[in-house]
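Model the full structure from these sequences, guided by the hints.
Protein chains in written order, with this note's numbering: chain A, 4 to 244; chain B, 4 to 412.
Do not take every clue at face value.
Computed cross-link-like contacts, DSS-like style, restricted to lysine-lysine with a CA-CA straight-line distance of at most 30 Å [stated by the list, open to error]:
no., chain 1, residue 1, chain 2, residue 2
1, B, K320, A, K181
2, B, K332, B, K73
3, B, K223, B, K124
4, A, K126, B, K332
5, A, K89, B, K320
6, A, K134, B, K12
7, A, K89, A, K134
8, A, K126, B, K320
9, B, K248, B, K264
10, A, K134, B, K320
11, B, K97, B, K320
Calculated directly from the structure, the hints in this document are not laboratory data.
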Amino acid sequence: MSVVIRFRDITKMYQMGMEEVHALRGVTLEISRNEYVAIMGPSGSGKSTMMNIIGCLDTPTSGLYELNGVNVSEMNDNQLARIRNKEIGFVFQTFNLLARSDVLHNVELPLIYGGYNSAERKKHAMEAIEKVGLTDRSHHKPNELSGGQRQRVAIARALVTGPSILLADEPTGNLDSKTGAEIMDLFDLLHEQGNTIILVTHEEDIAAHAHRRVRIRDGHIESDELVTERRIVSHTPMTTA
Amino acid sequence: MRIYLDETKEGLLIAFAAIRANKMRSVLTTLGIVIGIVSVTLMGTAIEGLSRAFNKSIAAVGADVLYVQKWPWGGGHDWWEIRNRPDLTIRHAKALERNAEIVRSISPITGTARNVTYQSKVIENVIVVGTDADFLETSNVNVWLGRFMTALEAEGGRPVCVLGSEVAEGLFPVENPIGKTVKVGNYPYRVLGVLEKQGNFLGMQSLDNRVYVPINRFFKEFQSFRRGIEIWVKSSSLEQVEETKEEIRGIMRKARRLEPKEKDDFAINQQEILVQTFNQIGGVIAAVGLFITGLSLFVGGIGIMNIMFVSVTERTKEIGIRKAIGAPKRSILLQFLLESAVICLIGGIIGLIIAFPLSLIIDQVLPTAMPLSVVGIALVISVLVGVVSGFLPAYRASRLDPVDALRYE
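Here it is, written out as structure tokens:
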């Protein structure tokens with residue numbers, strides 16, 4: 004399996020007033036194509052920092068980060084923006100949709116910054132919207148949708164550029180358990196379809212969907228284990244969501 | 004290239020959405036620009052009007068006519084030196100008439116103010132101009148009724164006169180004035196003709212409130228309000244004005260018996276000097292006026308900058324989202340610059356819509372219409388104000404750290 008993410012002794016240090024905070028203290032990790040990984044840890048463990056670095060929102064203080072064999076640890080802001088656009092699909096806890104734009108425009112947005120023409124944008128966006136089962140809602144505004152639907156829009160937006168990884172930060176944190184389960188089913192399905200998925204969570208239930216669990220504590224990897232007993236899930240048909 | 008177009012389109016969509024979402028705020032912010040554009044536009048229109056009024060007046064003064072006078076036009080001369088110059092006399096006019104070759108016509112001119120009466124009608128303080136038969140040619144005016152004085156009448160100092168149109172209208176509202184005898188001051192003159200209406204000079208001095216009499220008679224019966232005379236010289240052609248000027252200068256110097264190293268003790272004035280003087284004064288008026296009105300635009304620009312800072316802060320989260328999904332700095336910068344430019348452009352357009360009827364009011368005083376150039380400049384300036392005052396907030400937005408921006412609530 005080809006390696007998508009390679010972390011080599013990554014550290015991250017913040018200056019908080021007079022104090023230096025070591026959020027990551029030498030993390031080495033590899034994630035291969037089509038893996039389904041949960042990154043777990045209590046708050047303050049460094050998992051958010053790790054997610055930000057994996058997602059190219061932030062750069063490490065030291066160490067090497069290769070994404071698809073490309074060293075991204077020393078890229079400038081605009082290069083990172085381009086990598087985020089092409090290679091990373093973010094799904095956030097709070098959905099982070101543009102409130103004033105409809106579903107179609109929200110999903111199209113990464114393609115605008117990616118330089119696609121409007122016909123291609125529409126085509127790809129509608130395909131992504133169809134994958135998450137919201138074709139009939141494409142002209143609704145986020146405030147006209149339920150929480151689960153909003154998260155589906157966010158997933159469609161994450162998928163639309165065909166990224167190397169889907170990076171989900173507590174994707175069910177703002178959803179009730181039934182809706183949360185539906186969203187996790189969607190992630191399972193996307194994984195089956197060949198996507199590489201990284202879940203950042205502190206909930207065991209959610210992590211149970213992944214095939215590999217990486218536990219972070221105090222800026223170190225505490226454990227990294229393959230899950231043999233995966234929870235058996237039945238996929239709900241997308242169209243009923 | 005297409006990506007810039009798409010980003011611009013996206014930026015414009017966001018800009019309009021943002022303006023719609025904050026209507027009241029947008030209106031109040033725009034108001035500063037509206038006021039700025041209205042004042043600058045009206046100032047520009049007024050300056051344009053002033054310039055047009057001047058040019059219209061100056062056109063009456065022929066460009067091919069030279070004015071030999073004691074006093075030079077324009078400023079910057081030694082008053083005492085000029086005051087003590089000898090006066091020009093009819094002798095000089097004769098010398099020019101005898102010797103000048105590159106001229107079409109030469110007219111001695113002098114004037115004073117007298118009441119002109121016909122029967123019981125009196126017009127007070129009419130300018131009585133003493134001149135000769137060539138005046139018609141020299142000054143480019145036409146006879147509307149009757150005829151001008153002949154050379155014989157002028158030379159012989161006959162008691163004949165030609166009326167300006169205003170005087171003719173005043174004294175002869177219904178009668179035909181030709182052949183009637185009017186009194187200029189205390190002396191009777193027979194009316195030969197009436198000149199065409201000429202309007203006024205710089206809105207001050209009516210050129211029609213005049214009576215023209217032979218200069219030889221003028222000297223017998225009136226005293227000039229300036230001592231001495233002036234001599235108008237019309238060049239053979241517009242192209243030869245400078246040569247004519249040199250020629251008459253030589254003749255004048257000879258007539259005055261000036262040594263080669265002595266300075267001229269007379270002035271040869273021409274339209275160009277008036278234009279130059281006006282352009283200097285007009286330039287200062289324009290600069291000061293536009294600077295003062297420009298201040299209001301500056302204040303408007305500060306308002307825009309302020310509100311754009313608020314807008315950037317409010318939308319920190321949105322900026323974070325856009326950055327997370329791959330918007331480069333340039334796109335964020337462009338987005339906020341566009342928003343600021345659009346607000347200002349709308350302000351500019353509203354400003355022009357308000358300024359247009361107001362410019363028609365100015366038109367009552369100065370002959371003007373809002374020139375298209377002012378419209379164009381106003382729109383360009385308003386966009387410029389938007390870009391300049393939006394730059395700092397937009398730059399700050401583009402520099403936001405995506406992690407911090409996403410965390411912002």
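Hints, one by one, checked against the model:
1. B:K320 with A:K181: holds (28 Å)
2. B:K332 with B:K73: Since the Cα atoms of B:K332 and B:K73 sit roughly 70 Å apart, the hinted pair is violated (cutoff 30 Å).
3. B:K223 with B:K124: At roughly 25 Å apart (the allowed maximum being 30 Å), B:K124 and B:K223 satisfy the hint.
4. A:K126 with B:K332: Satisfied, since the Cα-Cα distance of roughly 27 Å is no more than 30 Å.
5. A:K89 with B:K320: Given pair A:K89, B:K320 holds - Cα atoms ~21 Å apart, limit 30 Å.
6. A:K134 with B:K12: holds (27 Å)
7. A:K89 with A:K134: This hinted pair holds, its Cα atoms lying about 19 Å apart.
8. A:K126 with B:K320: holds (28 Å)
9. B:K248 with B:K264: Between B:K248 and B:K264 the Cα gap is close to 19 Å, so the pair holds against 30 Å.
10. A:K134 with B:K320: holds (27 Å)
11. B:K97 with B:K320: Judged against 30 Å, a Cα distance of about 90 Å means the pair is violated.
In this structure, the hints that do not hold are numbers 2 and 11, in rising order.
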